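From just these sequences and the hints, can you work out the full model?
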Amino acid sequence: MLSSSPISRTLRTSKRLAPLVIGAGLVMVLASCTVANSGGSGGGGEAGSLLRVVLPQEPPTLEPCEGSLTSTGIVTRSNITEPLVERNPTSGELEPLLATEWEATGDTEWTFTLRDDVTFSDGSPFTAASAAFAIDRAVNSDLGCNIEGYVFGDDDLVVEAVDDTTLTVTTVRPDPILPLRLSFVEIVPESTSATEKVREPIGTGPYSIASWDTGTKLTLDRNETYWGDAPAYASTEYQWRAEGTVRAAMVTSGEADVAVGLSPDDGAGDLGVSYANNETVALRMSGDLPPLDDIRVRQAINYAIDNTGIIDSLYTDATKSAAQLIPSGVVGFNDELEPWAYDVEEAKALVAEAKADGVPVDAEITLVARNAMFPKITEMAQVLQEELTQIGLNVKLSMVDTSQSLVYQLRPFVRNEGPIVQLIQHGNQAGDAQFSVDQYMTSTGAQSTFGTAEFDAMLEAAGQLSGDERAAAYEEIFAYQNENVVQFATIAHMVGEIALAPTVTYTPDAATGDEIRLADFSPVS
Amino acid sequence: MPKPLPEPQLPPGGRAIAPLDTQTLSVVESVPTKSIPLYRLLLKDRFATAAAIVLSLVILTAVFGPMLVGDLATKQDLSATNRPPFSGADGWQFILGSDSLGRSMLARLIVATRTTLSVAVPAVTVALLLGSLWGLWAGYHRGWRETISMRIGDIIMSFPSLLLAVVVLFVFDPSIANIILILALTRIPIYLRTARAESAELQSRTFVDAARTFGTKPSTIIRRHVVPVVMPTMLTLATLEFCYVMLAESSLSFLGIGIQPPDVSWGLMVAQGRQYLQTAWWLSLLPGLAIVITTVAANVLAAWLRIATDPAQRWRLTLPRKKLIARIPVKETH
Amino acid sequence: MWTYLRRRIVSSAIPLVVVILGVFALARLTGNPANLYLPLNATDQMREDFAARNGFNDPLLVQMGNYVGGVFRLDFGTSLRTGEDAAAMALRAFPATLQLAGVTMFLAIILAVLVGSWAALKPNGIADRVSSFISMAAASIPDFWLAIVGIFVFAITLGWLPTSGVASGASWVLPIATLLLRPFGVLVQIVRGAMVSSLSEPYIKLAKSKGASSSRVVFRHALRNAAAPALTVAGDLAVGLVNGAVVVETIFGWPGIGKLMIDSILQRDFAVLQAAVLITAISIFTLNILIDLGYALLDPRVRPAGSIRKRRVHAQAIA
Numbered sequence: 022m023l024s025s026s027p028i029s030r031t032l033r034t035s036k037r038l039a040p041l042v043i044g045a046g047l048v049m050v051l052a053s054c055t056v057a058n059s060g061g062s063g064g065g066g067e068a069g070s071l072l073r074v075v076l077p078q079e080p081p082t083l084e085p086c087e088g089s090l091t092s093t094g095i096v097t098r099s100n101i102t103e104p105l106v107e108r109n110p111t112s113g114e115l116e117p118l119l120a121t122e123w124e125a126t127g128d129t130e131w132t133f134t135l136r137d138d139v140t141f142s143d144g145s146p147f148t149a150a151s152a153a154f155a156i157d158r159a160v161n162s163d164l165g166c167n168i169e170g171y172v173f174g175d176d177d178l179v180v181e182a183v184d185d186t187t188l189t190v191t192t193v194r195p196d197p198i199l200p201l202r203l204s205f206v207e208i209v210p211e212s213t214s215a216t217e218k219v220r221e222p223i224g225t226g227p228y229s230i231a232s233w234d235t236g237t238k239l240t241l242d243r244n245e246t247y248w249g250d251a252p253a254y255a256s257t258e259y260q261w262r263a264e265g266t267v268r269a270a271m272v273t274s275g276e277a278d279v280a281v282g283l284s285p286d287d288g289a290g291d292l293g294v295s296y297a298n299n300e301t302v303a304l305r306m307s308g309d310l311p312p313l314d315d316i317r318v319r320q321a322i323n324y325a326i327d328n329t330g331i332i333d334s335l336y337t338d339a340t341k342s343a344a345q346l347i348p349s350g351v352v353g354f355n356d357e358l359e360p361w362a363y364d365v366e367e368a369k370a371l372v373a374e375a376k377a378d379g380v381p382v383d384a385e386i387t388l389v390a391r392n393a394m395f396p397k398i399t400e401m402a403q404v405l406q407e408e409l410t411q412i413g414l415n416v417k418l419s420m421v422d423t424s425q426s427l428v429y430q431l432r433p434f435v436r437n438e439g440p441i442v443q444l445i446q447h448g449n450q451a452g453d454a455q456f457s458v459d460q461y462m463t464s465t466g467a468q469s470t471f472g473t474a475e476f477d478a479m480l481e482a483a484g485q486l487s488g489d490e491r492a493a494a495y496e497e498i499f500a501y502q503n504e505n506v507v508q509f510a511t512i513a514h515m516v517g518e519i520a521l522a523p524t525v526t527y528t529p530d531a532a533t534g535d536e537i538r539l540a541d542f543s544p545v546s
Numbered sequence: 140m141p142k143p144l145p146e147p148q149l150p151p152g153g154r155a156i157a158p159l160d161t162q163t164l165s166v167v168e169s170v171p172t173k174s175i176p177l178y179r180l181l182l183k184d185r186f187a188t189a190a191a192i193v194l195s196l197v198i199l200t201a202v203f204g205p206m207l208v209g210d211l212a213t214k215q216d217l218s219a220t221n222r223p224p225f226s227g228a229d230g231w232q233f234i235l236g237s238d239s240l241g242r243s244m245l246a247r248l249i250v251a252t253r254t255t256l257s258v259a260v261p262a263v264t265v266a267l268l269l270g271s272l273w274g275l276w277a278g279y280h281r282g283w284r285e286t287i288s289m290r291i292g293d294i295i296m297s298f299p300s301l302l303l304a305v306v307v308l309f310v311f312d313p314s315i316a317n318i319i320l321i322l323a324l325t326r327i328p329i330y331l332r333t334a335r336a337e338s339a340e341l342q343s344r345t346f347v348d349a350a351r352t353f354g355t356k357p358s359t360i361i362r363r364h365v366v367p368v369v370m371p372t373m374l375t376l377a378t379l380e381f382c383y384v385m386l387a388e389s390s391l392s393f394l395g396i397g398i399q400p401p402d403v404s405w406g407l408m409v410a411q412g413r414q415y416l417q418t419a420w421w422l423s424l425l426p427g428l429a430i431v432i433t434t435v436a437a438n439v440l441a442a443w444l445r446i447a448t449d450p451a452q453r454w455r456l457t458l459p460r461k462k463l464i465a466r467i468p469v470k471e472t473h
Numbered sequence: 002m003w004t005y006l007r008r009r010i011v012s013s014a015i016p017l018v019v020v021i022l023g024v025f026a027l028a029r030l031t032g033n034p035a036n037l038y039l040p041l042n043a044t045d046q047m048r049e050d051f052a053a054r055n056g057f058n059d060p061l062l063v064q065m066g067n068y069v070g071g072v073f074r075l076d077f078g079t080s081l082r083t084g085e086d087a088a089a090m091a092l093r094a095f096p097a098t099l100q101l102a103g104v105t106m107f108l109a110i111i112l113a114v115l116v117g118s119w120a121a122l123k124p125n126g127i128a129d130r131v132s133s134f135i136s137m138a139a140a141s142i143p144d145f146w147l148a149i150v151g152i153f154v155f156a157i158t159l160g161w162l163p164t165s166g167v168a169s170g171a172s173w174v175l176p177i178a179t180l181l182l183r184p185f186g187v188l189v190q191i192v193r194g195a196m197v198s199s200l201s202e203p204y205i206k207l208a209k210s211k212g213a214s215s216s217r218v219v220f221r222h223a224l225r226n227a228a229a230p231a232l233t234v235a236g237d238l239a240v241g242l243v244n245g246a247v248v249v250e251t252i253f254g255w256p257g258i259g260k261l262m263i264d265s266i267l268q269r270d271f272a273v274l275q276a277a278v279l280i281t282a283i284s285i286f287t288l289n290i291l292i293d294l295g296y297a298l299l300d301p302r303v304r305p306a307g308s309i310r311k312r313r314v315h316a317q318a319i320a
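Protein chains in written order, with my numbering: chain A, 22 to 546; chain B, 140 to 473; chain C, 2 to 320.
A few of these clues could be false.
[Claimed, not checked] Listed next, with one range per pair, are the computed distances between beta-carbon atoms:
#1 B/Val260 - A/Thr526: 54 to 60 Å
#2 C/Val131 - B/Ile315: 34 to 40 Å
#3 C/Leu159 - A/Val545: 24 to 30 Å
[To be verified] If you want the footprint, here are the derived chain A segments under chain C, 3+ residues with CB under 8 Å:
#4 170-183
#5 229-237
#6 260-270
#7 466-477
Quick caveat, the hints were computed from the structure, so don't treat them as lab data.
Fair warning: this is a prediction, and the values are worked out from it, not measured in the lab.
The beta-carbon is built from N, C-alpha and C at its ideal position, and this holds for glycine as well.
Printed below as a string of structure tokens:
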């Protein structure tokens, strides 16, 4: 630095400036490029023509046979694709959609009569052959569809298109609720690949996919050849934001018309609408590991939890204390069951009694809860841990992410960490108790930690019945669970919240969390 | 006429000063700096003093607070949730309000102080020591040692820290020790690169060259000549990193992979309180304020320390207040 | 310079491989993602099929070998979650983050240099105190908190800006402002500290005694020497932005690679994670090379060993 020739000095100066100039130019070029086709509509469309919906996450795919995945089904179900029959969430009845009639024509056979005036959005006609293809594809193939596992299990269906408008479906065992199961299978044309899942399907629904800016925006346009009544909005735009407060903010500031998956504190204010979704929150106990293998300890846990206190302090008024895993409206709901009383003294007494008999009540119990599974789960988990500790148990809280929580939640569970109580949320989308009890109460159920042979027999028998007998049998089962099995400590039937812009009319129902039927929206007149 | 300085020699840790600067030094010599103890220098600077007081309070809270507060931080009261602060009516423990489970905000903040500091301080210290020493060594030796060190630094820097956090915290154990481990590991490269850059720059300086010619061992050269020169920048960096680590910890909590309940840290409180921003703003604001106050105090004190420990700069702090504001370069006053 | 560049590129290849394989192994440590992708009551047979389809049952080395083989054929695998090509997903998301990070760093550097130099002119003066305080406070605020408050104040209450998304130019403001604060705060401190140091160096007096006016003194000599630590820190901040704009991307719905990475980590979508890490790592290495070149341009003494220019300058200094 003490001596530098003029040449090297100039060189240095210009070299110093050069990177700055290049950098500046580069950044300006980059900045002038738009971010991934973002020249879209930021402001609203004209009322009546564009509906803007904001979801918690982008649908990973729109494959209809994954429709039981909430993030996919919420866009596809009854919007892009339709099933043969559809369940009315409020009345619980099955209503005709692509099928007009159906009846059991044998022990294991059902026959469906289909509409003859339907075309897919690509123009191809809908026939029984399409229906057969779609059901086959979803249930029998190697695609590994979510619907297959969720609704049908291992058994395959035999489907046959007798003629253009008649379809027969044969099951392996007698299945009184086959039509209900089929309400999950969305019909796609035969041109859809049967060897791979598709991201953007063709369907018969009131809307079809116009464009999907992956990562940014998904647009559906009204299907002009739809067989039914045309929906009010000509097109729908879906966006996604992970934060509930941001979703609510989009509606309050006019950037979106509908926001879903909100919590009461997200700031939707007057534009928020609550509705009873069909989710129930409960604590599931690993009843095969001490000290949870002693029924007194499990009962004590039930007595120790202050359902009302939790609901009053954390949730809105519409949230109800739960006595069973399914809410009212689902076949099998026992409306005479009372939630467990909040009785700390009784709980302590039971624990002391068990301890006196040598049950290791001091063993560390892990309370497992999944982050962000439902609003305020963290708070609820902490309250539960506190309440259980107060009655003399040794409870450690463990908050985990989704993948981890599934390891605890599903068979074969986690067996080397001692006794586990896990906060679960169960949503019975189907409307029949069998979907819940098969998973949660049989000895080998995917989410059931234990059962008894006697209980298994009851469950098996109930599944074969239909009508009122069926309902009665399942009601009996829930009562039996609370008296004799006590695998669960049910806490609350949850309430969902959405935000609606003042220009939109919509009444949410129990299914809104799983499918948003765009045809149910209309502009305020 | 001020007396001339003795022969310029290589002062330990000092920069080599060419004869040209004896004039500057002679001005300074009239106020001997070595005899003023550090705390007196501190008291001369009001901001630094305030910062030191704040930091001492924080440290005392972290050490003694949880003992004094007892279990107030975990006592839930579902009938007293989300009480606003300064409403006075509910007793001294709710002076700062209560959280969504009715627990005292004051108590939780106090307990969180300990957790936050016990994550941030070790993480920064470990990263500082490991990264700086490594970088000094690499920068001094140049050659293949430098290249390999830089490449390893690149590896660590481009490794997704989130993945590391998720794996370590969920596959192993979401303990504080593991969080410290991750935060320290992912910050080592920044000390490494800075220390290397400074060390490499110094390596060609006259005084280092001279020491090498005298046959001094590399470790001694590093210790006596390089470290003191590089230290001020590294300390500035460390205090900035202290702040970053606290924020990183709160970002991890935001993503759900940091400190897990029922442990509580400032970062976790801010993350958990964000859902209540419109209804119970104090849940997020108070711990956020704690973070800001602590880091600002740490930075102010560190900036002051940086000048106080740099012999070439120390004189600035000894001037009377109005002379403290000096235009650079210093005007000749004799 | 070209030999240096070539050498750096080659020597960056190995760390790149190490990072990718490290991520590969680490990701698989998290276990079988079958639970996330199969229905809740999937049978064991379905789990077996899933594992076989994706090769999760093979030993780790075999899986690695298959992956590396695929990479050479430019096949980075498909996403478990969406079924799309993993590389396509990563490449689509990356420019969004790059733009965000680029503009943010550019603004942060310019502002920090201006404010930091101005503060350094009068150490402990009012300007210095105020700017120090503001920059320290700026660097201490949790980014997600700032983002949410920003949305609340500017989008909801005042209505000046959109809440989120990428729709218009105005939607860049809040994300950039949120991301900008910390780099700005940090850089102001570094620039100021380094400027104060270098402005007290003897050669500044020398320049002044040669008649240079004080602003030329500042910006020519002092700034260049203060550039080295500032550049390092700026580089690290830029890397941090690319790697960690996750929070801002999550809140504002910015379709960038940070969000993609956290989603694929939480969903155990290995192929996408690996592709995202690959792209990010390449850009980080490139950035580091550019920074080192910047050093070399700014300060001849740091030129790589063996460069003739360095020896020449060194000789001149001693003479």
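Right, here's what the structure says about each hint:
At about 57 Å, the beta-carbon gap between B/Val260 and A/Thr526 stays in the expected band of 54 to 60 Å. About 37 Å separates the C-beta atoms of C/Val131 and B/Ile315, a value consistent with the hinted range of 34 to 40 Å. The hinted window of 24 to 30 Å between C/Leu159 and A/Val545 holds, with their beta carbons roughly 27 Å apart. Counting residues of the region 170-183 of chain A whose CB lies closer than 8 Å to any CB of chain C gives 4, so the stated coverage by that chain holds, three being the minimum.
Here the region 229-237 of chain A counts 3 residues with a CB under 8 Å from a CB of chain C, which clears the bar of 3, and the coverage holds. Counting residues of the region 260-270 of chain A whose beta carbon lies closer than 8 Å to any beta carbon of chain C gives 8, which reaches the threshold of three, so the coverage claim holds. Counting residues of the region 466-477 of chain A whose CB lies closer than 8 Å to any CB of chain C gives 3, so the stated coverage by that chain holds, three being the minimum.
In this structure, none of the earlier numbered hints is contradicted; all agree with it.
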